[in-house]
Each structure stands twice: as structure tokens, then as C-alpha cells.
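Make the full structure from the sequences, and use the hints.
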Amino acid sequence: MLKKLVSSIAAVILLLGCGGGEKSASGNPKDMTAEIIKDLSLTDKVSEVEDRVIPGLFFFEQDTVSESSFYAADKLADCVGVFRTSNPESCEKCVRTYLETRKAQLEMYAPSEVFKVDNAVIASTDDTVVMIVCDDLESAGKEAKKLLGQ
Amino acid sequence: MMICLNSLKRKAISLLSAAVLLSGNTAVMAEGEATPEPEDPGNYGCRVIDSYDYTTPVGWSDAIEESYYDDSLFAGDSRMGSLFLYGTHENAEVRYVTSLNLLMIDNMTLDEEELTEEQIENEEEITLMDVLRETTKANVYLLFGINEIRNPNFDLFGEKLDEIVAMLRENNPAVDVYIILAYHPDEITNLPEPDLSEHLLMLNTKLIEVAQKNHVYYLNLDDGLNDAEGTVIDEYTWDGLHFNVEGTHAFEDYLATHVARREVYVKETCE
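Just so you know, the sequences run in chain order A and B. According to the working numbering, the residues represented by the first sequence are 1 to 150, in order. According to the working numbering, the residues represented by the second sequence are 1001 to 1271, in order.
Hints were generated in silico from the structure; no laboratory data involved. Keep in mind that a hint or two might mislead.
[To be verified] Calculated lysine to aspartate or glutamate pairs in the EDC-like style (CA-CA distance at most 16 Å, straight line):
| no. | chain 1 | residue 1 | chain 2 | residue 2 |
| --- | --- | --- | --- | --- |
| 1 | A | K45 | B | D1130 |
| 2 | A | K45 | A | E67 |
| 3 | A | K45 | B | E1113 |
| 4 | A | K75 | B | D1111 |
| 5 | A | K45 | A | D136 |
| 6 | A | K75 | A | E35 |
| 7 | A | K45 | B | E1124 |
| 8 | A | K38 | A | D136 |
| 9 | A | K145 | A | E35 |
| 10 | A | K103 | A | D118 |
| 11 | A | K75 | B | E1163 |
| 12 | B | K1213 | B | D1162 |
| 13 | A | K45 | B | E1159 |
| 14 | A | K93 | A | D39 |
| 15 | A | K45 | A | D126 |
| 16 | A | K146 | A | D44 |
| 17 | B | K1213 | B | E1124 |
| 18 | B | K1213 | B | E1163 |
| 19 | A | K75 | A | D127 |
| 20 | A | K75 | B | E1124 |
| 21 | A | K145 | A | D126 |
| 22 | A | K75 | B | D1106 |
| 23 | B | K1213 | B | D1053 |
| 24 | A | K75 | A | D44 |
| 25 | A | K75 | B | E1125 |
| 26 | A | K75 | B | E1114 |
| 27 | A | K75 | B | E1159 |
| 28 | A | K45 | A | E35 |
| 29 | A | K145 | A | D39 |
| 30 | A | K75 | B | D1053 |
Laid out in C-alpha cells, this is it:
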């Protein structure tokens, strides 16, 4: 009887663990972008954007993003962003709007870069949104999952 | 006691008035405020009165002489690039960054065609901010904002422009800065009318705010380069936004005939 109870509890815990879906990501945004850039060899392509101007690029809803880190290339589409947020859905929406704008610009100035934006990696947990735009989109996807513990 | 206090107050006011009169700082300003000038012991008692109305765009005047461009810098986004590509004033310095977002002016580098062979060989990365930080030109023209036109607001954009103008002033107190308002393009991808007009109004309102706050000039190209529909003359652009050769020459004519003449607006009186 006791064995059955323990097994049932264990099964419930396991199910909850799998079905819970989202969870929190560990690490701060600056460390996370640094790791992505290093792992994806983007060091020569992107440079850090001042923290204080990030809200003016993404226009997050007020008080929804508490910490962020953003790196971007100037002539290419490549960019990496990590945003700590209380509202991942709203944050993701703002990230997508930013990418749409960037795409519209690239269509005019660097059309060959547009595919990267079209296939941007955007992944999130309950408190973090990660965005990666680069050549190696497959590795970018794996990197985002790794950092978000997915 | 009351009489004594009143007497003291009167004496204090008299002393203060005398001090102010002696210092020679009693100028009554006309429309604008006095332009800050470096103190010159030789000009003791002189006042510079700037009567320019910074709430209005620079008006028409006879074309400026060619030597003006020796000391002029034109900086901005790809729209300014037309002066680099098709401009006729070879003595002017033109610097631009394609797809420039003002908030990323510290990150975005000049286009390769603007660099010397040596700079390219050395893989030098020069940002437009570097150029603005180091310039000693007397006339600086700024054209920013079209890549931000989809923004829902221009608050941080305005703050950044404010910083740039302040920096230019700090580096060269005598600099004349001209902010060029965004002219109305035929169309912008993903921003149909009436949104485009609304965003242009928001952007230009912010640009004018910065100009007025800093007492710098602004130019309204819509008043001269627009057609009956209120957008830039079709023949002047190759894509509804960027000037072609004909448009660049019209742009140049506009700039040449819209220069604020210091000698008209700024007077120095010495006593």
C-alpha cells in the first residue's frame, strides 16, 4: 500500500515537472548574452548597445522589463538580446515588432540579410526572453534552449 | 524696529542695484537670450544680443557663398548620403550611416565608401558619433529620424539628439547647428497613411522641441521640396525617399538659401 502511494506521488511529481512547461532562467542577461556571443562566435560581428537606449529600441510596456542586454551589428541583421521580464508575452511581442522594423529596413539596404530576421530565434521562460539573429540558426536555437534550461 | 528694518532693506536693495549696474549685466534681451560667449577681459561691458526667433524655421535668403562649405559638416542617415553621392560642394564634409538609428549612433559605423583606402586597409571602424565628437566645423547640419519613423514615441530619440547638440556646443561654443526636419516621403514600408503623417508630425515636433530648447536652427524642407500632395516631389527621388541627382541639387539649393545670418540676428553692444 505504502509502495503504491509513494509511486503515485512520484508519478504526480514527475507529471507536474513535465507539464509545468515554463520556468525561470538562471543567470543575468549580461552573462547570458556574453555566453551566446561566445558560443556562436559572434564577437566580431556585434557590439553592445547602451542599456539606457534599449527601451527606445523595443518600447517594452512600462515596468515589464527589469534587466536587459542587447548586442547588434550595424550593417548586418545579427543581434542578440536577453530580457528579464515580468510579462514574457508582452516582451516577446515587442521583440517581434522590433524585428519587423529591422526587416523593413534591411529589405531596402541589405536584402540578403532578411532571411536571418525571418528565422530569428525567440525563446522564453516565465521570466526571460531570448532573441538571436545570426547565420547559424540551428545552433542559435540550441543555444537559446540550453540557456533557458529547456 | 520696523523703520530700522525698512531702512536696512532699502540700503541692501541700493547696494545690489549698484553692484548690478557696475557689473554691466543689465541687458534687456530681445526675442532670444544672449548667446553664451567666452568671457573676454578686453570686452568688459559688452553684451551679445541674439534676436533670432528659434520657434520658426530658417527663412529664405540669398545663396550663401561657396566658402561657407569649407567649414560645414552634413551628418545624418542615408538621406544625407545623397549629398555624398551627388553633391556639388566638394569642400563640404558629408558623413552618413545607412539605416542609422540615432540611439545606436555609437555603434553604427560609417559606410565604406566614406573611408579612405588607408582606413579600409587598417579596418578602422569610425562611427558617426566619433565624427561629431571630433568635428571643429562652424556649421553642423543634422538629418536624423527616418529609420525610427515607426516608433510609437520619440522621447528617447529626443534625449539622444539633445545630448548630441549639447556635446557639439560644449566642444565648440560658436558652432551653428541646423536640425533638418524629416521631409514627407511618398511612402514608408509597413507604415501606411495616415500613420506615416502622424509619425512624421511626432518626429518633427520632437526635432523642433530640441532645436528650440537648445537655441539652434531648424530647416523645414517640406516648405520647398514638396508637391501638391504634400509629399516630396516625385522627380526628386529614386524611391520616394532618397534624393536622386535632381533632388540632391534642389536640396543643395534649399540649404544654400536657408542660412541664418548671424550678422543680422546677433548684435554686440559695448558701453
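Hints and how they fare:
1. A:K45 to B:D1130: 19 Å, violated
2. A:K45 to A:E67: 23 Å, violated
3. A:K45 to B:E1113: 20 Å, violated
4. A:K75 to B:D1111: 9 Å, holds
5. A:K45 to A:D136: 13 Å, holds
6. A:K75 to A:E35: Since the Cα atoms of K75 of chain A and E35 of chain A sit roughly 22 Å apart, the hinted pair is violated (cutoff 16 Å).
7. A:K45 to B:E1124: OK: K45 of chain A and E1124 of chain B at ~14 Å, within 16 Å.
8. A:K38 to A:D136: Holds: K38 of chain A and D136 of chain A sit about 13 Å apart, inside 16 Å.
9. A:K145 to A:E35: 13 Å, holds
10. A:K103 to A:D118: 8 Å, holds
11. A:K75 to B:E1163: 24 Å, violated
12. B:K1213 to B:D1162: 9 Å, holds
13. A:K45 to B:E1159: 27 Å, violated
14. A:K93 to A:D39: 26 Å, violated
15. A:K45 to A:D126: 30 Å, violated
16. A:K146 to A:D44: With a Cα-Cα distance of about 23 Å, the restraint between K146 of chain A and D44 of chain A is violated, given a limit of 16 Å.
17. B:K1213 to B:E1124: Between K1213 of chain B and E1124 of chain B the Cα gap is close to 35 Å, so the pair fails against 16 Å, i.e. violated.
18. B:K1213 to B:E1163: 12 Å, holds
19. A:K75 to A:D127: Between K75 of chain A and D127 of chain A the Cα gap is close to 31 Å, so the pair fails against 16 Å, i.e. violated.
20. A:K75 to B:E1124: 15 Å, holds
21. A:K145 to A:D126: Holds. K145 of chain A to D126 of chain A sits at ~14 Å (cutoff 16 Å).
22. A:K75 to B:D1106: Distance of about 13 Å is within 16 Å: holds.
23. B:K1213 to B:D1053: 12 Å, holds
24. A:K75 to A:D44: Holds. K75 of chain A to D44 of chain A sits at ~12 Å (cutoff 16 Å).
25. A:K75 to B:E1125: Given pair K75 of chain A, E1125 of chain B holds - Cα atoms ~12 Å apart, limit 16 Å.
26. A:K75 to B:E1114: 14 Å, holds
27. A:K75 to B:E1159: The hint is violated at about 24 Å.
28. A:K45 to A:E35: 15 Å, holds
29. A:K145 to A:D39: 13 Å, holds
30. A:K75 to B:D1053: 40 Å, violated
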